[in-house]
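A.B. asks: Here's the letter readout for the chains.
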Amino acid sequence: MTLKKTKLWIIAVIVGILFTFINPVSAEDVVIIINSDVPDTALSKEDVKKIYSGHKTKWSNNDSIVLTVIQKSELHKAFLKEFVKKTPSQFKMNWKHLMFSGKGKIPKTFNTIEQMVDYVAKNEGAIGYVAASSPTDSVKVIKAK
Amino acid sequence: MKKITLFMITICMSALIVSNIQAADLGNIETHGFISQGYLQTDKHDYLADTKDGSYQFNEMGINFNTFVADDLKVGLQLYARDMGEVGNDEVVLNWAFAEYNWRDWMGFRAGLVKFALGFYNDTRDMDMLRTSIFLPSSVYNEWLRDGVNSMKGYELFGNISLGSAGTLKYQLQTGETQIPLDSGTIKFIEQVNNVYRVNEIVVNKIYNSAVQWITPLDGLRLGFCYAKFGLTQEWDLVTDSGNEVSFDNKKNEYITYSIEYTWNNLVVAAEKWANNREADMVMHLDDTWAPILTGNPAAPANDYTVNKDNDSDTNYYVSASYRFTDLLELGTYYSFYENNSDLEPDTELEEQKNELTDICLSARFDINDNWIIKLEGHKMEGLFGVQPEDGKTFEDGDEDWYLYAAKMTFSF
Numbered sequence: 002m003t004l005k006k007t008k009l010w011i012i013a014v015i016v017g018i019l020f021t022f023i024n025p026v027s028a029e030d031v032v033i034i035i036n037s038d039v040p041d042t043a044l045s046k047e048d049v050k051k052i053y054s055g056h057k058t059k060w061s062n063n064d065s066i067v068l069t070v071i072q073k074s075e076l077h078k079a080f081l082k083e084f085v086k087k088t089p090s091q092f093k094m095n096w097k098h099l100m101f102s103g104k105g106k107i108p109k110t111f112n113t114i115e116q117m118v119d120y121v122a123k124n125e126g127a128i129g130y131v132a133a134s135s136p137t138d139s140v141k142v143i144k145a146k
Numbered sequence: 125m126k127k128i129t130l131f132m133i134t135i136c137m138s139a140l141i142v143s144n145i146q147a148a149d150l151g152n153i154e155t156h157g158f159i160s161q162g163y164l165q166t167d168k169h170d171y172l173a174d175t176k177d178g179s180y181q182f183n184e185m186g187i188n189f190n191t192f193v194a195d196d197l198k199v200g201l202q203l204y205a206r207d208m209g210e211v212g213n214d215e216v217v218l219n220w221a222f223a224e225y226n227w228r229d230w231m232g233f234r235a236g237l238v239k240f241a242l243g244f245y246n247d248t249r250d251m252d253m254l255r256t257s258i259f260l261p262s263s264v265y266n267e268w269l270r271d272g273v274n275s276m277k278g279y280e281l282f283g284n285i286s287l288g289s290a291g292t293l294k295y296q297l298q299t300g301e302t303q304i305p306l307d308s309g310t311i312k313f314i315e316q317v318n319n320v321y322r323v324n325e326i327v328v329n330k331i332y333n334s335a336v337q338w339i340t341p342l343d344g345l346r347l348g349f350c351y352a353k354f355g356l357t358q359e360w361d362l363v364t365d366s367g368n369e370v371s372f373d374n375k376k377n378e379y380i381t382y383s384i385e386y387t388w389n390n391l392v393v394a395a396e397k398w399a400n401n402r403e404a405d406m407v408m409h410l411d412d413t414w415a416p417i418l419t420g421n422p423a424a425p426a427n428d429y430t431v432n433k434d435n436d437s438d439t440n441y442y443v444s445a446s447y448r449f450t451d452l453l454e455l456g457t458y459y460s461f462y463e464n465n466s467d468l469e470p471d472t473e474l475e476e477q478k479n480e481l482t483d484i485c486l487s488a489r490f491d492i493n494d495n496w497i498i499k500l501e502g503h504k505m506e507g508l509f510g511v512q513p514e515d516g517k518t519f520e521d522g523d524e525d526w527y528l529y530a531a532k533m534t535f536s537f
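Sequence order for the protein chains is Z and D. Here my numbering is used: the first residue of the first sequence is 2, the next is one more, and so on. Here my numbering is used: the first residue of the second sequence is 125, the next is one more, and so on.
Because the hints were derived from the structure by calculation, they are not lab data. Check the hints yourself; a few may be wrong.
Which stretches of chain D does chain Z cover? Using the computed rule of at least three CB atoms under 8 Å from a CB of chain Z, they are [claimed, not checked]:
1) 188–200
2) 224–232
3) 241–254
4) 338–351
5) 387–397
Computed cross-link-like contacts, DSBU-like style, restricted to lysine-lysine with a CA-CA straight-line distance of at most 30 Å [unchecked claim]:
6) 294/D x 59/Z
7) 78/Z x 375/D
8) 144/Z x 294/D
9) 87/Z x 294/D
10) 353/D x 82/Z
11) 277/D x 87/Z
12) 294/D x 86/Z
13) 57/Z x 277/D
Every residue gets a Cβ at the ideal spot worked out from N, C-alpha and C, and that includes glycine.
This is chain Z alone, in the form it adopts within the complex:
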């Protein structure tokens, strides 16, 4: 085996080892957050699925639900897999379908958990999701079952 090929193999092995130590976010790590003024205190997983699929658009007091998502992250993938039962591509297509037919609005998208938490805290009707370890003092946390 040439020196170049050997180096490539070593790099591949190192990368493989690194990936085994990277823990993707698991479903147990994801919690739902809502604005503190939202009267609902419990949500089922089915409720969360309906909300993020666009089938449920109102809270129990008939205020509009404002959706937020974290863009392109392991947290987003874990949330979609556990609660919405869609891949990121399918989720995006569903909302684009609603938006381009005039029937829905693309969820508010953020790059970081901090940005999402801040938005949910300040906006009535907002819902989001964070890692369980994230600071959530300013919002209401719901463990959907």
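With chain Z's structure known, arrange chain D on it following the hints.
C.D. replies: Only chain D this time, still in chain Z's reference frame:
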């Protein structure tokens, strides 16, 4: 390249320069848009455009604006232009424009130019970036008839009814009317299929449309049913400007679709069936020259002749599957079968083939990024329904087997 195309490309390219763009926020007005340019090529015949020579007359573009004027009241519209051979020619039209009052999850109301609910995919058939393939299966989503079922002026009651552990029932109840433009694909299709000199008018009125979807408790499975009943006013010139006209006393016009879709991880399978049941008394106003020819009676005088046309179609369906392999690549395929149930029994196999179209499609979709996709597609066709022979030629036995190739690039924001 037409000015409107340049204008839309400028808008979309400007949007692409901004990274992670989701929408252009003009204050409280949210804006989204797309531009799509394609290429069509057939090995034989012309289909939808002059495809035997290869055609770039295949593009779509649109831009929409939405805003909430009150908590539950939204208004929005989408401007749209397309070119498909002789149809569209990049003329800007309203794709939809309505006000929506979302009173409760289980009941809302729309008024204006609303999208016609037909199957799972009619309301977004103009935007191919929302699916794997370039063309939707023609058995249910006939490209020629697209402008006839795009939208209607009227009202819609809609809602999502929670069934608890039994899932969700989505419904749409629509009523309205639509006038089909004389330069539309629908008109050209009717003229071609019926061998009519000119269609002078088509008005689709008294539309009563209902669509339900059951989002079942089984994750990824949804079922759908649509039933539309409508009145249809048509006037044709049978042969040149001779005064030999046809008008229709419409008795029945129905569209019925059955739909099923199952999503499991990256796999999506779907199937739909479409039926168009129609009955009308066709009143032909014929002169001395054409009465004998068109009635088959050499002694037939100039007069009004009434023919009852009663056609039920029940053999139009497709099955499809798509799979996303990576963030970049998604592959899809479908088998589509369409048979036009004409009340004229075909004398030859060639005549029979002119009433059928079987389409086996293979598609590859490449998502370059969130805003840019490229598609490549091949169709193995059998049948000649909706197909034109090349210039100066006529169809011959064996012409029913042909291929269509398509490529498309779409930018959206």
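A.B. asks: If you draw a straight line from the CA of residue 78/Z to the CA of residue 375/D, is it 30 Å or shorter?
C.D. replies: At roughly 53 Å apart (the allowed maximum being 30 Å), residue 375/D and residue 78/Z break the hint.
A.B. asks: Keeping to a limit of 30 Å between CA atoms, is the pair of residue 144/Z and residue 294/D held or broken?
C.D. replies: Roughly 27 Å separates the two Cα atoms, so the pair holds.
A.B. asks: Using a Cβ cutoff of 8 Å, are there at least 3 residues of the region 387–397 of chain D near chain Z, or does the coverage claim fail?
C.D. replies: Per the Cβ count (4), the hint holds.
A.B. asks: Are three or more residues of the region 224–232 of chain D within 8 Å, CB to CB, of chain Z?
C.D. replies: holds (count 4)
A.B. asks: Taking only the CA atoms, is the gap from residue 353/D to residue 82/Z under or equal to 30 Å?
C.D. replies: Distance of about 40 Å is beyond 30 Å: violated.
A.B. asks: Is the Cα-Cα distance between residue 294/D and residue 86/Z 30 Å or less?
C.D. replies: holds, 19 Å
A.B. asks: Below or equal to 30 Å on CA atoms is what counts here, so check residue 87/Z against residue 294/D.
C.D. replies: Holds, at about 19 Å.
A.B. asks: Quick check: do three or more residues in the region 338–351 of chain D have a beta carbon closer than 8 Å to a beta carbon of chain Z?
C.D. replies: holds (count 3)
A.B. asks: Taking 8 Å as the Cβ threshold, is the statement that the region 188–200 of chain D is covered by chain Z upheld or broken by the three-residue rule?
C.D. replies: Three-residue rule met by the region 188–200 of chain D, so holds; n is 5.
A.B. asks: Does residue 294/D pair with residue 59/Z here, judged by a C-alpha cut-off of 30 Å?
C.D. replies: holds, 15 Å
A.B. asks: Are the Cα atoms of residue 57/Z and residue 277/D separated by 30 Å or less?
C.D. replies: holds, 27 Å
A.B. asks: Does the region 241–254 of chain D contain three or more residues whose Cβ lies closer than 8 Å to a Cβ of chain Z?
C.D. replies: Since 5 is at least three, the answer is holds.
Hint check: violations occur at hints 7, 10, 11; the rest are consistent with the structure.
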